[in-house]
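Novice: Go ahead and model the full structure; you've got the sequences and the hints to work with.
Chains U and E are the protein sequences, given in the same order. For the first sequence, this note's numbering assigns the number 1 to the initial residue and increments by one for each residue that follows. For the second sequence, this note's numbering assigns the number 1 to the initial residue and increments by one for each residue that follows.
Quick caveat, the hints were computed from the structure, so don't treat them as lab data. The beta carbon of each residue, even a glycine, is placed where N, CA and C say it ideally should be. Some hints could be false.
Unchecked claim - What the simulated footprint calls covered on chain U by chain E, stretch by stretch (three residues with Cβ under 8 Å from a Cβ of chain E suffice, anywhere in the stretch; the number is not a length): (1) 8-15; (2) 60-73; (3) 78-84.
Said to hold, decoys possible - Listed below are the simulated DSS-like cross-link pairs for lysine-lysine, each with C-alpha atoms no more than 30 Å apart in a straight line: (4) U:K93 to E:K189; (5) E:K129 to E:K74; (6) E:K155 to E:K189; (7) U:K50 to E:K332; (8) E:K152 to U:K50; (9) U:K93 to E:K48; (10) E:K152 to E:K233; (11) E:K155 to E:K48; (12) E:K113 to E:K92; (13) E:K156 to E:K129; (14) E:K233 to U:K50; (15) E:K335 to U:K50; (16) U:K93 to U:K50; (17) E:K74 to E:K332; (18) U:K93 to E:K105; (19) E:K48 to E:K156; (20) U:K50 to E:K129; (21) U:K93 to E:K37; (22) E:K74 to U:K50; (23) E:K92 to U:K93; (24) E:K353 to U:K50.
Residue strings, one per chain:
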Amino acid sequence: MEKKFDDDMLVCRCEEITVGEIRQAIAEGALDVVGVKRRTRAGMGLCQGKTCEKMVQQILAQELCIGPEQTGSSSIRPPVRPITFGTLAGGIK
Amino acid sequence: MLNREVVIAGAGPAGLAAAIEAAKAGAQVLVVDLNIKPGGQLFKQIHKFFGSSAHRSGIRGMDIGTQMLAEAEKYGVEIWINSAVIGLYSDKIVSIERGLENGEKELVNIQAKKVILATGASENVVRFKGWTLPGIMGAGAAQTMINVNRVKPGKKVVMLGSGNVGLIVSYQLMQAGCDVVALVEAAPKIGGYGVHASKIRRAGVPIYTSHTIIEARGTDRVSEVTIAELDSKWQPIPGTEKVLECDVVTLAAGLKPISDLVRLHDLDLTFNAVFGGWVPKHNRDMESTQSGIYVAGDTTGVEEANTALEEGRLSGVAAAEALGYLTAEQAKELKDDIWERLDGLRMGPFGEKRMFAKNDILADFPACVK
Ligand SMILES: Cc1cc2nc3c(=O)[nH]c(=O)nc-3n(C[C@H](O)[C@H](O)[C@H](O)COP(=O)(O)OP(=O)(O)OC[C@H]3O[C@@H](n4cnc5c(N)ncnc54)[C@H](O)[C@@H]3O)c2cc1C
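Specialist: Rendered as structure tokens:
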């Protein structure tokens, strides 16, 4: 990968995961977005990967020499937008 | 649990058009949007639209939004703003965090008969050293700040990307009183339409093609960026670096369809580079691989407001037909008209590749659905 992406560059802002940590996860066997997420927590924060998922896909594609469609995407669980515990505690109408 | 015949996620041009068509045919429709105002991207678009006159070119996006809202109201469409669809469960139960007038939120589950997902697209970010510094944001975010909230993002702006979004937002930033220092474009050519580019040029703003941002620096926020020229392999050429002083960097590097609800519900997806990545498979009724769940607009592939609007109409007509509010003949007549307009919009040097991409997606629809 090009040198302009230093290992200390942040990729996932919510969980503060760097390029280096993602490269290491790939070196340890991560093959797709879910693999990186399970090893590093990239994409598990408040925004649920809305910002970083594409960058994680780019790093995977570059490191593994695969196409973007082979890098996968995150599994999604509700709530798909952040809500407060207060709202949840109010029960469901 | 509440009941509604049609529940639509997203009140952009696609969601509103779907609502209007379904309600016009007689269906009971609820549209949910997380913004404080319905209209999606339309109310940010203070510029006149391009395209043919049959497609409201020459009209400003925000005026199209106002017209659509009036029509939705006329047909009795219910709109919940400040409310997010947070889940979609089996048998079409839609979970919503509803914003109440007193500022509180409550969770509501709705049993829908038909669901239309029209959640639009989100902006791509670009990595360079320092990309997380305050002052660096999406071009669409800057556009929302100036045109909706009337807040300037800063004084001196460097725009990355020269597609239509980059060009239009640069011009609007100047209209809002910001100083646009330069546009930086990695490709050897300007991406957007000539009419928009010439407005920038006339204002004397340089557009650096075959250039990219190498690094952003600053302490509390960005204060300068280094740009450099790229060779034919997209690698920076040493010695070509320039430093530009700025307090805002806006990224106009394309959009990707928002597919969270689609993925949550296990609708089949297909990868399409022209449309910005993973998109839900759908048929000519805009119905996904699960019957009764429809998709429309930028969610199905990043295009433009007009195509979003027509796709929304298709899904609204198809949902009304499936609910028995339109006969097959009535629906066919409406759908044929819409497809004719859609085909017209997907022509010419900019449209044709979207026509091919759409045809690929339609051809990829499984013969038997869940
Ligand atoms: C700067 C700029 C200039 C443009 N200029 C033109 C132009 O000149 N001509 C043209 O034809 N097109 C133009 N476009 C493109 C056009 O704006 C979009 O293609 C169009 O708005 C897509 O419509 P949509 O309804 O699919 O999505 P959107 O308009 O994005 O609406 C989606 C809505 O869904 C809501 N939403 C998302 N997720 C949820 C959820 N979970 N719950 C509730 N609500 C949700 C969002 O808040 C949003 O309001 C421009 C775009 C930009 C950014």
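Novice: Determine for every hint whether it applies to the structure shown.
Specialist: Now the hints, each set against the structure:
1. A count of 4 residues in the stretch 8-15 of chain U with a Cβ less than 8 Å from any Cβ of chain E is obtained; the coverage claim is therefore met, three being the minimum.
2. Interface restraint, the stretch 60-73 of chain U with chain E: holds (3 residues with C-beta to C-beta distance below 8 Å; minimum three).
3. Remark: the stretch 78-84 of chain U is confirmed as covered by chain E, as 6 of its residues place a Cβ nearer than 8 Å to a Cβ of that chain, reaching the required three.
4. A hinted pair counts as satisfied when its Cα atoms are at most 30 Å apart, and K93 of chain U with K189 of chain E does not qualify at roughly 54 Å.
5. Proposed proximity of K129 of chain E and K74 of chain E is contradicted: the alpha carbons are some 51 Å apart, above 30 Å.
6. Distance check on the hinted pair: K155 of chain E and K189 of chain E sit about 27 Å apart at the alpha-carbon level, within 30 Å; holds.
7. This hinted pair does not check out: K50 of chain U and K332 of chain E have alpha carbons roughly 38 Å apart, beyond 30 Å.
8. Of the supplied pair hints, the one linking K152 of chain E and K50 of chain U holds, its CA atoms being roughly 25 Å apart against a limit of 30 Å.
9. Using a Cα cut-off of 30 Å, the hinted pair K93 of chain U and K48 of chain E is violated, with the two alpha carbons roughly 43 Å apart.
10. Among the hinted pairs, K152 of chain E with K233 of chain E is inconsistent with the structure: their alpha-carbon atoms are about 37 Å apart, more than 30 Å.
11. Only pairs whose Cα atoms come within 30 Å are accepted, and K155 of chain E paired with K48 of chain E is accepted, the gap being roughly 25 Å.
12. With a C-alpha separation of about 7 Å, the suggested pair K113 of chain E and K92 of chain E falls inside the 30 Å cut-off, and the hint holds.
13. For the proposed pair K156 of chain E and K129 of chain E, the alpha carbon gap of about 20 Å is at most 30 Å, so the pair holds.
14. At roughly 29 Å between alpha-carbon atoms, K233 of chain E and K50 of chain U fall within 30 Å of each other, so this suggested pair holds.
15. For the suggested pair K335 of chain E and K50 of chain U, the alpha carbons sit about 34 Å apart, so the restraint of at most 30 Å is broken.
16. Note on K93 of chain U and K50 of chain U: the hinted pairing holds, with a Cα-Cα distance of about 28 Å set against a maximum of 30 Å.
17. The straight-line distance between the Cα atoms of K74 of chain E and K332 of chain E is roughly 24 Å, inside the 30 Å bound, and the hint therefore holds.
18. As the CA atoms of K93 of chain U and K105 of chain E are separated by approximately 12 Å, the hinted pair is consistent with the 30 Å bound.
19. Distance restraint check for K48 of chain E and K156 of chain E: the Cα-Cα separation of roughly 25 Å lies within the 30 Å cut-off, and the hinted pair is therefore satisfied.
20. With a C-alpha separation of about 20 Å, the suggested pairing of K50 of chain U with K129 of chain E holds against the 30 Å cut-off.
21. This hinted pair checks out: K93 of chain U and K37 of chain E have alpha carbons roughly 24 Å apart, not beyond 30 Å.
22. Between the alpha carbons of K74 of chain E and K50 of chain U the distance comes to roughly 36 Å, so the proposed pair goes past 30 Å and is violated.
23. For the suggested pair K92 of chain E and K93 of chain U, the alpha carbons sit about 16 Å apart, so the restraint of at most 30 Å is met.
24. For the hint pairing K353 of chain E with K50 of chain U, the CA-to-CA distance comes to about 27 Å; that is within 30 Å, so the pair holds.
In terms of the numbered hints stated before, the structure departs from hints 4, 5, 7, 9, 10, 15 and 22, listed from lowest to highest.
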